[in-house]
Each structure stands twice: as structure tokens, then as C-alpha cells.
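Read top to bottom, the protein sequences are chains A and B.
According to our numbering, the stretch in the first sequence is residues 1 to 286, in order.
According to our numbering, the stretch in the second sequence is residues 1 to 1150, in order.
Mixed in with the good hints there might be a few duds.
As the list claims (entries may be wrong) - If you anchor each label on the Cβ, the simulated ranges turn out as follows:
hint, chain 1, residue 1, chain 2, residue 2, range
1, B, Ala994, A, Lys80, 23 to 29 angstroms
2, A, Glu8, B, Leu75, 49 to 55 angstroms
3, A, Lys80, B, Ala107, 55 to 61 angstroms
4, B, Lys908, A, Asn42, 56 to 62 angstroms
5, B, Ala994, A, Thr87, 33 to 39 angstroms
6, A, Pro248, B, Lys908, 38 to 44 angstroms
7, B, Phe278, A, Ile2, 36 to 42 angstroms
8, A, Pro248, B, Phe278, 40 to 46 angstroms
Since the hints were derived computationally from the structure, they do not count as laboratory data.
Computed from a prediction, not measured in an experiment: that's the story for all the values here.
We put the CB at the ideal spot given by N, CA and C, even for glycine.
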Amino acid sequence: QIDYTGTEPSSPCNKCLNVSWDSTPPCTCIINFTLEHSFESNVFMYYGLSNFYQNHRRYVKSRDDSQLNGDNSSLLNPSKECEPYRTNEDKPIAPCGAIANSMFNDTLELYRIDNGTETSITLIKKGIAWWTDKNVKFRNPTGDGNNLTALFQGTTKPVNWPKAVYMLDMEPDNNGFINEDFIVWMRTAALPTFRKLYRLIERKNNLQPTLQAGKYFLNITYNYPVHSFDGRKRMILSTISWMGGKNPFLGIAYITVGSICFFLGVVLLIIHHKYGNRNTSADIPN
Amino acid sequence: MTVPREMPEKWPRVRAPGGAEEERRVRANAREYNEKFQYASNCIKTSKYNIVTFLPVNLFEQFQEVANTYFLFLLILQLIPQISSLSWFTTIVPLVLVLTITAVKDATDDYFRHKSDNQVNNRQSQVLIGGVLRQEQWMNVRVGDIIKLENNQFVAADLLLLSSSEPHGLCYIETAELDGETNMKVRQAIPVTSELGDTSKLARFDGPDTKLMQNSGRTKFKRTSIDRLMNTLVLWIFGFLVCMGVILAIGNAIWEHEVGVCFQIYLPWDEGVHSAFFSGFLSFWSYIIILNTVVPISLYVSVEVIRLGHSYFINWDKKMYCAKRRTPAEARTTTLNEELGQVEYIFSDKTGTLTQNIMVFSKCSVNGHSYGDVQDVLGHKAELGERPEPVDFSFNPLADLRFQFWDPSLLEAVKLGDPHVHEFFRLLSLCHTVMSEEKSEGELFYKAQSPDEGALVTAARNFGFVFRSRTPKTITVHELGRAITYQLLAILDFNNIRKRMSVIVRSPEGKIRLYCKGADTILLERLHPINQDLTNVTTDHLNEYAGEGLRTLVLAYKDLEESYYEDWSERLHRAGSAPEAREDRLARLYDEVEHDMMLLGATAIEDKLQQGVPETIAILTLANIKIWVLTGDKQETAVNIGYSCKMLTDDMTEVFVVTGHTVLEVREELRKAREKMMDASRSMGNGFSYQEKLSSSKLTSVLEAIAGEYALVINGHSLAHALEADMEVEFLETACACKAVICCRVTPLQKAQVVELVKKYKKAVTLAIGDGANDVSMIKTAHIGVGISGQEGIQAVLASDYSFSQFKFLQRLLLVHGRWSYLRMCKFLCYFFYKNFAFTMVHFWFGFFCGFSAQTVYDQYFITLYNIVYTSLPVLAMGVFDQDVPEQRSMEYPKLYEPGQLNLLFNKREFFICIAQGIYTSVLMFFIPYGVFADATRDDGAQLADYQSFAVTVATSLVIVVSVQIGLDTGFWTAINHFFIWGSLAAYFAILFAMHSDGLFQMFPNQFRFVGNAQNTLAQPTVWLTIALTTVVCIMPVVAFRFLKLDLKPELSDTVRYTQLVRKKQKTQHRCMRRVGRVGSRRSGYAFSHQEGFGELIMSGKNMRLSSLALSSFTARPSAGWIETLRKKKGSDGSTAGSPSGAADKTLKV
């Protein structure tokens, strides 16, 4: 888990602290870190944001699911809920709304330093969204041909975005509304501190671990400003088990509750033995 | 047999209620003339709506309810986009549901009203139109019409009696539906019209103007104490709601000021919102909307549904169905059920309620020999239950078959010709004011003024001394088959002071003899000294009879010398025509002749109690319910009944009798009574244990800690003083310290005042039970009014909230239905508040994590359906079916009733416990998922902590927790409970998956945003682990607490349940009510509910069909007097009774 917000002056990313959305050239920074243990199975790479109110009522409702589902009329005439990110310069915004507008757009790259040589680690960007979201909830507009540029004709990009929605990715099945980074972002978080899946690192073969212990560095293209509202940004690497990621809270809670239950059971049993049998019908007063 | 609405005697000064109309001008039989005045038609309309007006009128009425208006207001709030935190349908769906249910209920009620109106309006009566009698429907009868009524017809309107087929324009009417009294009332036509022949009447008031309609209106709306408490609590919750709103609004303002301002790069403020303060203001309203579910609209509807269910249980209760009268119990008000479980004071009428108003000749003492004990073959006194055959009266063709007597020796004595016995029955057959009617040969009907007299004459009839007929001057008696006509010389009438009546007759042999019957206290003093020995024996018998609660009369006779009688009769005549002090003179003359009489014996009449009255009273007393008897009867009668139904016992330390006539006397008597009680308790306190003192010091009033049992008997006059403002508290304290209170000679108004007094000073639930019109005021005043139905009078039933036909059902109504209703309602309310707090408060906690933005935790569909689908039916099932102990047990252990009286199951403390539990649950419900989700991921590595998954997790665990909780609360599982609880869970998951399905999303992408959420979230083990953890942590303390309470401080009901579970060998002790004979220290007096003046009526011959010759010989007597006397009587003791609450049908006997 690496915090790369860059609030501290010593942080390499401190220089990027006050970037804005459209700063060119983008500010980049590099953070070195060491893995103590190697990751044996598949590794998941997350970005985490803090103090970011994705659960604010006005934020949550500021989207148009019809538009995101590929409805052509909504594409050109987005829902009023999207205000003030509904239209820009008299053109409808696609995708509209505050959620889409604030999409996370840092780029993270992971490199391993092995005896001085830098090896780029392959990050897989597909398979990070729910199947239902990717296949049911989000769909690109339909029309003649598959040219997304044509299909999004007449719309404009969200205010904060550097490029239009149909230029999010090169691959057609990960572009437009069905771009998985976009889908993940659109699934709003319940709490102001949250993390979202960014990339997958697959285990290549059975001979070596997915990520060996050793030195790594993270190359960050720092586009996403959070400093103004005291937000924090993190990068997290994690593996998972059958019940999801590491979850100390649940474990501790179960142990605590279990022992309380046991203790309570013993106490109640004692009490019951001591006092329980004094209730005979004899004391029913009449 | 019945005819409504008729009040001829008020004819001269007709006053319409409200006093607007001073007089009515009516020309008989002239419709055109009467049309001019626009009198109301005789069409009765009690219905409220018709098809066209139903919707608007009903909606208008419904929106007058605060709750409905409140929800309408919320709905409007939700339509403002800046505020709307929830979609509009979350409010409108429940609101429409509630409005529809209420509207359907109103519509059905009104439909039945239409039906009954039609039935009444279409009854037929004969109307004289244009000189021809025509059948006319009631609704077409007009003011001024002349109506012909025949025997046993219903009266169509308030009528003026013009004439009747009886002599002197008399007619007998039954006013049962007006005032509940079943005896005939005499009405006389005004003299001018009385010569007209056939009975005909003039319609005076029609339709809405009749007495019936005037009186039937506007029953005061009764509310239960739980209702009031509920309303207070709802207000508090509103206060709480506003507080939460304010806190969150302040939070919102601060947040927007500190964080939101900076966050504007991603989330700019809404248009028009320029400051954090204004945003806070808006968020206040938003939070009011989402937090309003703490007082859901379904609360009131659910309460109504539960009460309706309980009412049906009462209606359907076979054990409260009287087969004899074919009347089931009926809950006429559906809103008071739970209050039946909290009754502390019962005010009961006597006649018709405790007693059947049937007098039975049960024992007698003749010449020192007592007859009437039930005997078996060997001549021993038989035990109850193994009754031998009743005495066979078949030798006597004139015998009344309904009469039963159990002691054959009396009949033998008659047959053997015992002269004393013969004289005894001769007296009974001669000395009375009964009228006989012989419809066909041998078929005798007695019209008795009081049931006592009827019983005595019937007894004589069966023993062979048949009173056959009378004329003003003679009485014909069949003595053992021989017709003998006695000459009736004088009737020395009954009155309250004399407490006796006599007749002077001349036998065919020419002997003049005076027969007298009267109260023992009076009569025994007037006997000839030679009776001394016989008197002693008879007194013993009297004591014995009185001890059994029988009404006793002493019979005596005296032979009069011809010359003495001549002289006396002369003086009597002079006194009778004297201009002044007539009554006094007569009284003195009567007194003179009724002297030195010879004792014949004594009779004992059983005032038949209703079935099971003593048992019921005993059990209700054990249940700590205080029973006060309020009766119009005389003190002796009332006390007598008090003894026979075990309200008063000889074990009682003392029975105080308050009979003072002045304020001072009454005050003095009350003071003395209290002093005595205080003294006794003090002396006992000294000698007694320390504990007693301790407990008594805790009580507010010293008087409530009185040791020993006392009873208070208070008279009408004294009561009038005792109810004055400065003495009422004293009276109440004294009365409440007593075990039993009997108020006699009270007017209906006083009955109501007594109830009012108790209501005012004791915060106790009162129940009044009665059967007649004189109880109406009391029934209406008390918290709960119970009417005895099945008798002919329905006035009390009309005013009552519950009705059934036997007093003994009261026990079941209170101890079983009332107790259960109370228990269920309390459990329901506790659970209801709990579940809504658990549900709603989660939003409050979430507010701290979502920038106080009024974001809801749950899906909006869940919010809509939570109260009306997911959790409504299980709690309704519990509220309707739950029971802690089975019905037999609650009868067996009347003490189980006490929690209700003390208001233990639902009060402010219980309420706060429920609320606390709800809040505790909501805290866990939010923070456990919060803790888990903070950095959990799914098993495919994706994020878990998205808002929608969080919502589904919290909602699911909430539904499971409240379902488990209702499972814990349910004490009595029926199939319906199971069905509803499992069904609700199933419905939750079914609806959840349906709402999150692809299909709905495809149709309305913006409405069903949670697509695919259910299967994605609920497939995660982490989510289920979280749900399980939440459930355990929420439920565990509750289980532990209940377990501890069961072990350490069990309630009585727990213990009862436990013993039932264990089923000890020890069988139910049969607590059979043994009839304990009371060793009499007191006895009854002249127990006639007799009206003075009837003797005069007989002697005047006015009520007999006589030849005009016979009549003319009697015109010399003060003939007009009797009606005057009757009226005077009515006026004096009936002045309040006579302001008749009365309303329905009277019977007309022509």
C-alpha cells in the first residue's frame, strides 16, 4: 500500500500536488518501494481515494443510466439529474453527470528493479468490472457500423476529461461506455474512503511467484488533483482468498463475538442452575 | 309487539331540541295545510354517502386526520427537487394503500346503513288518507297524518294518542327500544279525542325529528389510554425527528462549509444554493423526508386492523354465545379492545344485569314450619346438583307449568287441609294488586306490577288458590277447584314508609278479615303478643332465608268486627275526601287498623341471579377489579343481592351504611367509616409484621393500605351530598378503601356522576355494565360500556361498546379477550417502534459518512416496501394471534390480569427500552458492515464497498434481524405466523431479485439502477458472514436478557407457562364455588319494586272493562287521582330517568 498523494514535501510526487485536469505535459513522478514477501497467486492492483465523497446524494444521483445503457435519445438529451454537467456549449455531454466528470485518470505503471534492470510488469486492464455491469448495464450507443466516433456524433466530452469517451482505449470492446476503468468508477463507493480495482497481475507460470520479493517502482502519471479537498491517493497491491481480500475486521469481530457468546453461555448456565429451579408452580400466587 | 317513537304526554309544550322551534301547528289529516310548514318527512337517513359523493366526501374526511395530512405534506416536500431525497412513490404507495383500506371500510359501513334505513323506511303502517285507511310505507308518513295502529305493531313516528279501543282511551305501550324497560306503560288519550273509537294516532314528529333520531346521535368518541399514550409518543417521536433533522442539518452546514466548498471541483453546489447555511436548511427537509419512517403511516392502519381482528374474536367466541337467547357477544366498538385488559373498576347495574329480574317463590314458613328445602327421598336436605323431580301440580288444571317447587311436603299439607297453609295461600291470592287476563278458559295471564307479586300470586295459583279475576269490588278465587268470590272492601296500598300492604275483604260467609303482607321489620312489631312463640320460630326461618339471599315477606291477618269496620270505613271515606293532609290522615287510619295482627308465616322469594354471577364476581375480585353496584333499587334489596352474589360476606370486618339526609350527616358518617378503618389498620399494624408497615408507607394514601375488608353501602340522598364538589374526594377515598361499594336508589345521572368521579380522580379504567335505559348515561360515561343484550330493551346495547347476554361473560371478556388484546397491542407497539427505529436510524449514522447529504442507505424500493410488505404481516399476525398463556389459565389465575391494570406492558419506560433496542440495532446494522466493507474486496478481486452492495447487505441483515426478533417475540405460533414470517423473508428475496433483474432495467434504466446487484452481492461469502455477525450481535443481548429475566425475575405469566410445560402431577385445583350459607345477621325488607298508587287504580276500576253501571257506582271515588299520582311518581323519581335517552320502539298494547 503506497500513498502517492505527495502532500509531504519529501514525497517525489509533491511537485505534482497542484496539478489541474488539463495540465500539459502531464506531471509524472516515480515512487520506489520494496516487497518484503513475494506474492504467490494473482495480484490485484487498486487505487484508493480518501475523503472523496462518492456517496454524496447529489453526486450519486448525477448520472443518466439510460444514456450509459446506450439509449440514443438519452445520449443527445441527457437526464436533468446530470446538471450542471448536462451540456457544455449547447452540446450534450456523454457521459453526463458529476460522477463521470470526476473520473479518476492517473496512470499507474509498475516496474521491477532486478539487479539494476527495469522490467515492466504486465498489467491487465480487462476483467476488472462486474460481468452484469459490462454486459447489461453499460452499453455503447447503437447505430450503423461500429465506429464509435460516429456513434458519439453530436456529443461533447465531459468538462474535466482530456479526451472524449470514445478515445478511452484502443480496443473496441473496452472503449466508450464499456471501458472497464470507466465502469469501475461509475460504481460509486459507499464510504468516503474507498479503493477501486485498477489492474490485474496474472501469474504466468507455476515456477515463479507473480511478484517476487524485491525492489519495485511505481511510475505515476499524476493527473488527478485531490489536494484541494484534502484527499489522499493510494496504490494497493493485494491477493485474495475464497472470501475476498484480507479482512482483519471480520476475523477479529468473529473471535470477539464468539468468545462473548461462550462466556455468556457459561454465566447463564450457572445462573440458571442456581436460580432457575426455584420457579415451581408452588409460587403462583392467587 | 313494538312500536317506536311516541311521547304523547309532552304534547302541549312541544319543544324541538335546540329550542329553535317553540310550537308546531298541525292540522290533523290535512296534508296540504301541513305541507306549508315544511316539516321533515318520515324518511330516516343515517347513511353518510351516496355513490356520487362518496369519493370526494370520504377523501375530505380522511384528510382531516392529522396523520394523512402529514403524509400529504411529505409528499409535496418530495416533489421539490432540491429537497427530494426519496422518490415520490415511497410516500404515495403507502398513503394510497391506507386511504383505500379506510375508504373500503367506510363504504361497507355505509352500505349496511343504507340497507337498514331502507328496511325501516319501507315498513308498513295504516294511514288515513282522504277518509280511507291505506297501507303506506313509513317514509311516506307525513306530519299530521292519522295512523291506525293495531296490537303489537311498531310505532312509525312520535305520535299523539287520539283514542284507543280500551276504556278511557288508555293504551299500553312497551318502550323497550326507547328506554329498555319491558313492562307496559300506560298512556291515556287526551279527553277531547278519547271518544273516537278505534285506536288512531296523529303523527307529530317525523323522520329526523323523532325522539329516536334525536337521541341516537353523536356518541362521544372513546379512546383508549394506549391510544392517548401512542399519540403522545408519536408527538415525542416527531420531536425526536425534528431534533435529528436539526443535528444533521447543522452537520450538513458545517460539512459544506469545511469540506463541500473544497470538493466543488468534483461536485459543485446546486443552482441557487450559495451558502452552506442554505444547504443545511435544505438538508433539514430532506432528512425529515427520509427519517419520517420512524412514524410510518402504517402504524395507525395496523392498529386498526389488529383491533378489528380482536373484535371478530369476541364476536366469534362460542363461549360467549348465549344459546338460550341466541345472542352472540358483540364488539360494537372496535377501538377499545386493549382497554378491556386494564379495567380496574366495574360499575354494574343490578336488575337485569346481576339478576334476571325474575322472582321465584322458593321457600316459605307457615305456622312455624319451613317448607321449600330441596329434599331427597329420605327427607334429608339434598345437595345441589342432584335435584329430585319438581313437585307435580297436575292435579290443578289452572297451574302455571313454568312454576317449579321442590318440596312436596307443602303440597301435601295443602291437600291434607292444614288450615294455616290454606289461610297462607288465601292471603297470597287475595292481597295483591295483580290484574288477571284470561284469554281462553283456564289460560290465565297475570299482569303484575312487580315481579315479586307475580311470583307470590303464581305460587298460590299452583298450590290450588287460583286468583281468577277481579272487579273493583270483588276478587274471585278458585280455592282448590271451588270458585269463591270475596268482596273487596279496601286496599291499604303500599308505600315506601309503610313497607306493607293490606286488603280488607268480606268472605262469602260474611266475615271481614284484613290480610297484610309486608317487611318483617315492620310487621313483626305489629303482631298480637300471643304470637310470641311463633314469631321466634318464624324469625329464625327469616334469618335463614335472608342468609341465603332471599327476599322475605311476612304475612299476617286480622279479623275485624263488623261495627268496627263500619266506623273505620266511614272515617276513611272522610279522610279520603279531605281537602288537605289527605295522605297523612289516610296513613294514620291505615296504621290504626293494621295492628295486633296474627302471624301466618313468611315467604321467601329468590331474586334469581343471572347464571354464574357469584363466581364471576369472585374471580373478578381476585383479579383485583373493584366492583361497584349502582342500582335504583332500595337499600335492602341491593344489600340482599350484594350478599347473594358474594360481594358482601359475613367475613367482612364491617359494612358501612351511609344514609344521611344532610350534608353534615353524610360527612360525619363517611368520616366515622374512615376512622374505623384507620383504627383497625393501626391496631393491626402494631401487632402485625414490620413488612406490612413498610409497604403501607409506600402508598400515597394511607387509606389504601387498610387492613381488613370493608364494604360501603350508600343511599341515593347521601350520594347526592357525597358527590358535591367539596365532599367527593372524601367519598371517593372512603369508597376506594372498601372492597365492595353498593349505591342504591341512585338516579341515572348519579350513576354517571359516580363513574365520572372515579374517572376524574383515579387514573383507572372504568367499565360500566347495564341493561336498561337508566344505565345509558353510565355506559356512555365509562371508558368502556357494556350492554346486556338479548333482552327486549336495546337502549343500553345501542349506547354500549360491547354487548353480550349474560353477566358471566364479562369474566371471559376481561380476563381472556381483554388481557390478550392488551398483551398483543403492547407487544405490537413495542415491536413496531423497534423495527422502525432500527430501520430509520441507519440513515442517521450514514449521514456522518456521506457529508450529511440525506443520501439513503437503502434502495428506494426497499424503503417503500419495508413497512408495507417485508415487515407488516408478521407483526400483524403477532398482534392478532399472540397469547402468553392459554385461556383456561388466565381464568384460573386471575392475578395474571394485574399487569394490565398497572399498565406494565406498554408505558413510557417500555417505549424507551424498545427505542433503545431499535437504536442499538441500527448502530450495529450500520457499523458492522461499515467495518467489514472499509477495506474488503470481493472474491474476484473487485471492490466490495460500493454503495449498492452496501445497501443490499444492510437491508438484508435488517430484514433478517427483525424477522428473528419477531420470532423471539411471538409467544404463540400458529400456522399463519409461520407463513407470514417465512413468507415475508421469501417475499423480500423474491422482490429483491426481481428489482435487480435485467428485464426491469432494460425497460426503465433510470428507475432500476441496482441491476445485477443482488446476485453479485449475495454470492459473496463475506456478505453472508457480515449478515450473520450482525444478526448474532443484535439478537444475543436480547436473548441473554430475556433468559436472565426468566431465571431471576419471572413474571407470573412466565411461571404459569413454565408449570404448564412441566405438567406436574398436581392437577388443576378445582376451585369450585361452594355455596356457603351465611349465618344471617341481617335480613331483607319489603322487597317490592312496587309503584304506589296501583291499589287506587284497581279500586277505581279505571283499568277494567266494566259495565257502565258498575263504573258509575264508583265515580264517587277520587277517580282522577290515580293518574295524577302515577305522574307525580314518575316526575319525582324519574325526573332524570324520564329525560329519556330513550329512542326506539315502544310496544303498543291495545
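Checked hints:
1. B:Ala994 - A:Lys80: 23 to 29 angstroms: Since Ala994 (chain B) and Lys80 (chain A) have Cβ atoms about 28 angstroms apart, the given range 23 to 29 angstroms holds.
2. A:Glu8 - B:Leu75: 49 to 55 angstroms: For Glu8 (chain A) and Leu75 (chain B) the Cβ distance comes to about 52 angstroms; the hint holds.
3. A:Lys80 - B:Ala107: 55 to 61 angstroms: 41 angstroms, violated
4. B:Lys908 - A:Asn42: 56 to 62 angstroms: With a Cβ separation near 59 angstroms, Lys908 (chain B) and Asn42 (chain A) satisfy 56 to 62 angstroms, so the hint holds.
5. B:Ala994 - A:Thr87: 33 to 39 angstroms: 35 angstroms, holds
6. A:Pro248 - B:Lys908: 38 to 44 angstroms: 42 angstroms, holds
7. B:Phe278 - A:Ile2: 36 to 42 angstroms: The hinted range 36 to 42 angstroms holds for Phe278 (chain B) and Ile2 (chain A), with Cβ atoms some 41 angstroms apart.
8. A:Pro248 - B:Phe278: 40 to 46 angstroms: 42 angstroms, holds
Consistency with the previously given hints fails for number 3 only.
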